[in-house]
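J.: Start from the sequences, fold in the hints, and give me the full structure.
Residue numbers (numbering that gives the first Met the number 0), protein chains in the order written: chain A, 0 to 281; chain B, 0 to 271; chain C, 0 to 258.
Hints may contain errors.
Unchecked claim - The following residues of chain A were derived to be distant from chain B, with all beta-carbon distances above 12 Å: (1) Glu6; (2) Glu42; (3) Met109; (4) Phe114; (5) Gly115; (6) Ile182; (7) Leu219; (8) Gln231.
What the hints assert, rightly or not - No more than 35 Å apart at the CA atoms, straight line, and that leaves these computed lysine-lysine pairs for DSBU-like: (9) Lys242/C / Lys196/C; (10) Lys97/A / Lys242/C; (11) Lys161/A / Lys105/C; (12) Lys196/C / Lys101/C; (13) Lys97/A / Lys196/C.
No lab work stands behind these hints: they were computed from the structure.
The beta carbon of each residue, even a glycine, is placed where N, CA and C say it ideally should be.
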Amino acid sequence: MKREVVEKSALGVLAILTGTGVLLLLLILGSVIWKGGPALSWEFLFEASSDFGNAGGIYYQTVGTLLLMLGAALISMPIALGTALYLTEYTQSETVKKVLRNLIYSLNAMPTILFGLVGYLFFGVFLNTGVSWLTGMLILAVMILPTLQVSIQEAIEGIPEKYRETGMSLGLDHLAQVRSVIIPHSWHGMITGVLLGLARAAGETAAIMFTATTFSGILLPQSWADPVPTLQTHILVLAQDAVNSAALTKAWGAALILLFIVFILISFSFLLRERLKMEAEL
Amino acid sequence: MAALSVVCAGTIFLYLLRESAPVFFAEGSGFLTRSDWWVGESYGAGSMIFGSFMVTGIALIIILPFALGGAVFTSEFLSPRWRLVIKSVMELLAGVPGIVYGLLGMSMLAVWVKSGFGLIDGNTIFTAGLLLGIMILPTIITLSEDALRSVPGEYRETALALGLTRIEMVWSTVIPQAVPGIIGAIFLGMGRAMGETIAVMLVIGGLDKIPAPWFDVFQAGQSIPSKLGREAAEAIGSGLHWNALMGLGLTLFLVVMTLSMAGNMFLKRVRM
Amino acid sequence: MSKIKNVMEMDNAAIFYNGKPVLDKVCCGFRVNAVTGVVGASGSGKTTLLRTLSRLNDRVGGFRVHGQVRLEGHEIYGNGTDVYQLRRRVGMVFQKPVVFPKSIFKNAVFGLKHLAPEMKKEFPQAAERVLREVFLWDEVKDRLHKPAQTLSQGQQQRLAIARTLAVDPEIILMDEPTSSLDPKSSTAIEELIVSLKNRHTLVLVTHHLAQARRVCDDLLFLNEGTVWEQGGCLEMFENPKRKETHEYLSRWNVDEPAV
Chain A
0 MKREVVEKSA LGVLAILTGT GVLLLLLILG SVIWKGGPAL SWEFLFEASS DFGNAGGIYY
60 QTVGTLLLML GAALISMPIA LGTALYLTEY TQSETVKKVL RNLIYSLNAM PTILFGLVGY
120 LFFGVFLNTG VSWLTGMLIL AVMILPTLQV SIQEAIEGIP EKYRETGMSL GLDHLAQVRS
180 VIIPHSWHGM ITGVLLGLAR AAGETAAIMF TATTFSGILL PQSWADPVPT LQTHILVLAQ
240 DAVNSAALTK AWGAALILLF IVFILISFSF LLRERLKMEA EL
Chain B
0 MAALSVVCAG TIFLYLLRES APVFFAEGSG FLTRSDWWVG ESYGAGSMIF GSFMVTGIAL
60 IIILPFALGG AVFTSEFLSP RWRLVIKSVM ELLAGVPGIV YGLLGMSMLA VWVKSGFGLI
120 DGNTIFTAGL LLGIMILPTI ITLSEDALRS VPGEYRETAL ALGLTRIEMV WSTVIPQAVP
180 GIIGAIFLGM GRAMGETIAV MLVIGGLDKI PAPWFDVFQA GQSIPSKLGR EAAEAIGSGL
240 HWNALMGLGL TLFLVVMTLS MAGNMFLKRV RM
Chain C
0 MSKIKNVMEM DNAAIFYNGK PVLDKVCCGF RVNAVTGVVG ASGSGKTTLL RTLSRLNDRV
60 GGFRVHGQVR LEGHEIYGNG TDVYQLRRRV GMVFQKPVVF PKSIFKNAVF GLKHLAPEMK
120 KEFPQAAERV LREVFLWDEV KDRLHKPAQT LSQGQQQRLA IARTLAVDPE IILMDEPTSS
180 LDPKSSTAIE ELIVSLKNRH TLVLVTHHLA QARRVCDDLL FLNEGTVWEQ GGCLEMFENP
240 KRKETHEYLS RWNVDEPAV
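T.: Given below as structure tokens:
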């Protein structure tokens, strides 16, 4: 009897502990919607901000965030694909694989503020790109590299050996093998990686706050060398300097949009994985 | 192509080393031990280093029961369908931008801490720790759950066949085998907490001081990343102040990299 | 016996995995336009031998070949061998049918697309030709652009053979091509094998002794890590020179292996 009681109560406690995680998500979502919802309007989405963010909308900030993250993904994608292909298809050396794998994981664990600091010195000062869209994209591209690379590599490693061997047995060379066997069978990993990388870039503030953006009075960049406005830094400024509740509501509104962008990206990656699982069961 | 990733990590380290060298010459080991940071006069990073470890410690103490309990329940007692739900929830939670956590922490958590503990100001080391705990929950749950699931099913069946209840089975066969993985998950979670900038910056209070007594966590403090986030923009490239900030960066780099290496070793993601 | 033309030969070849020999002192030849069966107990190295002939084990770590393996007199493990060209000339059909998740048509011209991209306009004719050769054309001509996975296992295996035929190999290696198929599909593949030897040289690994007896011209018996005996197929069934060969082959009409 006693053992049953222990079993039951332990399970109850574990269930409650687990439920907390789900509750947290609901709480976060609920709060952001509840506080940010009132700020939402057509004008909020499609107007420029004015009076240092206290009035107007977040149009340029949203576009800026999208520009930065898309640019980062475009730069990161070929590098991630190249690294993954090199590791899976071209090198046999265990040492090279080990070293690279270590580095990818270190890069993934790196505090993002360090990307900001060193990225600014390297790109902004050394390569002379200044505080600009380009600097931000390059920094974010490096930052999301592990996300993309790991996702692509897992997809490539998941390709059934039989497809590879069939390609080989027909006399395909490395390049043809990559084009016709590897890429067609791992595109889902690339898309998942890109989606998650985009989400990561969209949510990042520390790495871009003093490298890609200045706090007020900017619209869209006219060239690579111009700073971009972003949702993240817009929220930061409003949160730090908010004197009235109207400005804070604007910050919550911007947070809602940002959260929406990130969650959409992550949800698409879920859908893709689910569809794949269903295909695999066919 | 592959060489690029190598260059990235190496470059970060070398830059930090080069840019911080002057402050170590100027301050010696006092940079790490003293806690007087007066721009233009002296640079002692003690309070930031203390703050970083403190918030990380608080985050762990608060969140570990939830993270480990959640991981065990998800891995051992939930149907595949519900497991997928929990895992997806965790992935979404992990995706919430730091700035959104910061906004939530600043305008809700800090207010609750303030009224709940009867403080004058809710922006404290404790608030930052609590917020960080929430932020690293997904990392620890997800990775520990993976560690638990990687224990082969035969062990479970053998234990159940001997007449153990499910809780006894988990406690005596599954968890002991998953311990290295769980430790790895905790290390990686610590690394995450240590490096978080924006959210901490908004709720920690921003005071370069070790509280007196040191364990009074309901006072304002400062962590390394929050200091960097506040001052980097104004100090970029300017003399010893900048070097000192880069010294902070180097310290953070070394601590986080050590945690991540250790974590990955425990998780057997990399073998040395 | 130099009148007999061997397309491919192994001369005192030894094959190692991580320093451990799998096959040793292998001397054998494969006659042009004949079907050579490779038989022997599980683990006797039949598949390894087959994969060695088209260098499919190159990617496997710790794999080494000593001695000589020649294709029309040229050493294939020597420097300067174009391994991709070699694999095109020595095709391989695997045990389980492998079709790519693409259309039937795209599967049929999969290799061709890379080896002869300039012939793109002629792909439809090429596909028809090889699909006819494997007796699949009438079954699929109306659904060439449907996914290949919709075909039955037997049809998939014939499609895999068609895909190999499309790159026009001189030698086709087959690794138990019927072992995952039902009896009816197996018979179809057997007929196909016999019809292919007019234009190709075939090497067939099989566990199915009755099948070997039905379709093979020559036989190679592997035992204890080496070629124990080789010769004409019927000759070896009826008049084996060695006791072990007799013991192994005499069961040909006893145990039809379950599919």
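J.: Does each hint hold? Answer for all of them.
T.: A quick look at each hint next to the structure:
1. Glu6: Glu6/A is in fact no farther than 12 Å from some Cβ atom of chain B, at 5 Å.
2. Glu42: 22 Å, holds
3. Met109: 7 Å, violated
4. Phe114: At roughly 8 Å from the nearest Cβ of chain B, Phe114/A sits no farther out than 12 Å, so the non-interface label is violated.
5. Gly115: 7 Å, violated
6. Ile182: 15 Å, holds
7. Leu219: 21 Å, holds
8. Gln231: 5 Å, violated
9. Lys242/C / Lys196/C: Holds - the C-alpha atoms of Lys196/C and Lys242/C are around 31 Å apart, at most 35 Å.
10. Lys97/A / Lys242/C: Status violated; Cα separation ~52 Å.
11. Lys161/A / Lys105/C: 17 Å, holds
12. Lys196/C / Lys101/C: Distance of about 29 Å is within 35 Å: holds.
13. Lys97/A / Lys196/C: 48 Å, violated
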